Amino acid sequence: MISLVYILYISLVHVPPFLQEKLVQVRKTDNKSYVVAEKELVKKRKKLESDFKTLQRKLEQKTPRQPFFVVNSTANNFRLYKGKKIIREGVCSTGSYIMLKAADERKWVFQTPRGVFRIQGKTTSPVWIKPDWAFIEEGLPVPPVHSNLRYEYGVLGDYALSLGHGYLIHGTLYQRFLGMPVTHGCIRLGDDDLKEVYRTLDISSKVFIY
Amino acid sequence: MENEIKSTGQNPVKKNKLIKAGVITLTSLFLIYYVTLAVLAPFKTITTIENAFKFEDTILIQLMNIDEYADSLARLSSQIKSRIEAAELDSINCLINMKDCTINLELEGVTIHSAKITKMEYSEIFNRINHESKYAYLSTPFYSISYISTIPKVPIVVKNAPRDTAEANMMNTVPVPPPVDYVNYTFLFDKPLRLTISQNEPPAEHHRYSSYKNRLGSQANYVKSIFQSAVRFQVPEYTPWITIEVKQDDAKTIFRALPQNAALVLVMD
Chain B
1 MISLVYILYI
11 SLVHVPPFLQ
21 EKLVQVRKTD
31 NKSYVVAEKE
41 LVKKRKKLES
51 DFKTLQRKLE
61 QKTPRQPFFV
71 VNSTANNFRL
81 YKGKKIIREG
91 VCSTGSYIML
101 KAADERKWVF
111 QTPRGVFRIQ
121 GKTTSPVWIK
131 PDWAFIEEGL
141 PVPPVHSNLR
151 YEYGVLGDYA
161 LSLGHGYLIH
171 GTLYQRFLGM
181 PVTHGCIRLG
191 DDDLKEVYRT
201 LDISSKVFIY
Chain G
211 MENEIKSTGQ
221 NPVKKNKLIK
231 AGVITLTSLF
241 LIYYVTLAVL
251 APFKTITTIE
261 NAFKFEDTIL
271 IQLMNIDEYA
281 DSLARLSSQI
291 KSRIEAAELD
301 SINCLINMKD
311 CTINLELEGV
321 TIHSAKITKM
331 EYSEIFNRIN
341 HESKYAYLST
351 PFYSISYIST
361 IPKVPIVVKN
371 APRDTAEANM
381 MNTVPVPPPV
391 DYVNYTFLFD
401 KPLRLTISQN
411 EPPAEHHRYS
421 SYKNRLGSQA
431 NYVKSIFQSA
441 VRFQVPEYTP
451 WITIEVKQDD
461 AKTIFRALPQ
471 NAALVLVMD
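Top line first, the protein sequences correspond to chains B and G. Per the working numbering, the very first residue in the first sequence carries number 1; after that it's consecutive. Per the working numbering, the very first residue in the second sequence carries number 211; after that it's consecutive.
One chain only, chain G, in its complex shape (with noise of 0.2 angstroms):
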């Protein structure tokens, strides 16, 4: 009888052991294959830049691998088509020189805003692309496709007119200061990029929860990718990317002046 109870005392507990070891063994496998392909993606998407912007001149490609000066040539020769070619756009459009830490904003070839960029990082793949599709990569604009943004980008305040003098004259006349904005946005790009711009301010005590909300917003978009392409068997998609932090009237500026498809040129080197 104290054998039989012995016995069926200890199935549950092994049982459970089991499960709890099965569970983790899961867990652990399924996160080493997504690590794994979350891993491989921008290994991927260096192949893929190499091969869209492929340089044809094979005596140009020569000349920049045995000649520095004719590679600082080569590379500032694009940057100067890059800008051209924004230039003859009758919009504004933005200018990042990451080898300054400036951004600017150019009107027909004009620098008509310049703003220092206080804290920049950017990914390592610009670093790993050969020199030839780099040059070929930013030798035209980057267009804007898509923006998400914590302000509006005109910020519009609608007033119903009033019926009367006497209405008019209870009216606020004397004009409230703009409201205290958190500035953060991130533009993505006809060509594979997505640049984010955020003010060096720390938030407000009122915005600290958006700016949460904000971030775990894109963390959990960023899970959501990779899981949906770990389900299919598929390396996902790896976007390289600039974040960048500049003063917050800046930041603002410099969004509400680009218009909706705006160039981006790139200077890296």
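Chain B with its partners taken away, still in its complex shape (with noise of 0.2 angstroms):
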């Protein structure tokens, strides 16, 4: 009974496909052929090669010249380019998927975006202007929008390149924790990295998250 139903397990699920696969190799490819003149053949081949390079140049063209900056916010790692070429690449943090619920039905999901950005600002010595949920997540009050307790100084590391909508590129107080998803939706460098980047990348820099 037991070796009936194994062979109905075998013909029903592993025959079919095993067949498939070997016996559509047997058939043919059905290339067609048409009666060309030469001279046709000749300006067809000319064109075909044009057309080539074009594309290839088009394609060539997408790589930025100017040096850009990659981030997997997945492995939490990132890599600087110049044209083809790695100049830098080390462990970074990024967005740690965390959605915070306050109990004012408010919700802030702390993920990294991604795409293509372009670098918006640069500053040395940056200070965090902490927003509501900074707060929140601490179980503090919120101040009002211009309270001095909204200003943290030394946190963010010596530089800090801006991404627009909130989201900056920046250094840490916490070190040991550069390879992990632990942020806001930042993107957090160790010291001798971030310098680097900051030196390396200018305004309207592409920065690709994936």
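Hints in this document: simulated from the structure, not taken from any laboratory. On a predicted model such as this, the values are computed, not experimentally measured, just so you know. One should not assume that every hint holds.
[Stated by the list, open to error] Covered by chain B, according to a simulated footprint, are these stretches of chain G (three or more residues, beta-carbon under 8 angstroms):
1) 246-260
2) 299-313
3) 427-436
4) 459-468
[As the list claims (entries may be wrong)] Simulated coverage check for chain B against chain G, where a stretch passes if three residues somewhere in it have a Cβ under 8 angstroms from a Cβ of chain G:
5) 14-21
6) 41-50
7) 95-107
8) 138-152
9) 157-170
10) 183-194
All residues carry an ideal CB built from backbone N, CA and C; glycine is no exception.
Reassemble the complex: the two chains are provided individually, in unrelated frames, and hints are given to aid placement.
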């Protein structure tokens, strides 16, 4: 009985795909042929060559000539490129994917956005202007918008590069957490890496995050 | 009396044998019919693809038939056209180079991640489609229409805000490393193709059950689809497939990076 069930299982599940792949190899590829003048063939060949060169050039132009920055938000590492050459790589920290739910129904998802961005601004000795969630997640009352309590010094490292919409590339006091998804959306780098990235990238340099 | 007993004793045995033979014959006939229909499916798909992706340019077709250099130029041009179309999108797309055994993530034409394919299997019909239809089939990206995966696309963890600082201090402040996953996902596309990517590491002990369940589920769906066609006397659908294995980290990175209707560029030869 067991052997019958096994034979049935093999026949229904394994035999058809095996035969599908084996028997289709027997089929001859149906390449059509046409009668065409020699002159037409030569002309077509030249056009094919020039179209190919145009396409190749179009694709190569896509790679930025200026330095650009690539962040892997799943593996929490980065690469700094100049053309096709990697000039620096290392670990970073990106969003933690935590959804913070406040008592007043407000929600924040701490995720580093994906896509292409441009450096919008560069700052030295940046100051962190704390948003509401920074107080809520500590169990602290949220101060007014222009309160001094919102300004925190020294936590973003020596440099910051802005990507827009409040996202930054900056330093961190928590160097031991680099390589882990711990941030609120920003990209944190080690001190030496941050210095090199700050020196290399300019305003409107591209940043690719995936 | 004895003769009567003998004749009545033989009938049930003979009847059972007849029933058994009947069941075996019917089952065998049905299995032959089932397997025949399944075997016809890829041939039907090849014809469908060749009819759907036709080259109108007969001069180019003849040139490709007689000139290997022109054939390779046509092939490379179709690949580049597909890459350029994918690069025009403002989202991350995937490029599988079956010749070099690499899988890349690209964004605006720039390769942002590259992974080595450790194991690759693909449907034999890719070698049987005529070359002009194959180049037309590959000259535009494949756009995903659905996927199924063992890991979430966005691994959100919900955290309720603490009521006060005492509760905040009690919450775990040391980041916990993410759990060990078993990564396996399948994409279906707008053009006939099924792509399965899985990790090449064997699943962890606690994931073995779910990986068997995954495999049994897909086998059951396969048998069900052929059965449904068999009952309607139709040749079942056959979707050309590619199965690849990469390292777990790469598999996870690729899955999470790709958007909902991701573009896939296939480079075959």
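How the hints compare with the structure:
1. Closer than 8 angstroms: that is the beta-carbon criterion, and the stretch 246-260 of chain G has 7 residues meeting it against chain B, so the requirement of 3 holds.
2. Residue count for the stretch 299-313 of chain G with a Cβ under 8 angstroms from a Cβ of chain B: 3. That meets the three needed, and the coverage hint holds.
3. Restraint check on the stretch 427-436 of chain G versus chain B: 4 residues with Cβ-Cβ distances below 8 angstroms, three needed, restraint holds.
4. For the stretch 459-468 of chain G, the stated coverage by chain B holds: 5 residues have a C-beta nearer than 8 angstroms to a C-beta of that chain, and at least 3 were required.
5. Given as covered by chain G, the stretch 14-21 of chain B passes the check, having 6 residues with a CB less than 8 angstroms from a CB of that chain where 3 are the minimum.
6. With a cut-off of 8 angstroms between beta carbons, the stretch 41-50 of chain B has 5 residues touching chain G; three or more are needed, and the interface restraint holds.
7. With 8 residues having a Cβ less than 8 angstroms from any Cβ of chain G, the stretch 95-107 of chain B passes the three-residue criterion, so the hint holds.
8. Figure legend: the stretch 138-152 of chain B, annotated as covered by chain G; annotation consistent (3 residues with Cβ-Cβ distances under 8 angstroms, at least 3 required).
9. Residues of the stretch 157-170 of chain B with a Cβ under 8 angstroms from some Cβ of chain G number 0, which does not satisfy the need for three, so the listed coverage is violated.
10. Closer than 8 angstroms: that is the beta-carbon criterion, and the stretch 183-194 of chain B has 0 residues meeting it against chain G, so the requirement of 3 is violated.
Going through the hint list in order, the structure does not satisfy hints 9 and 10.
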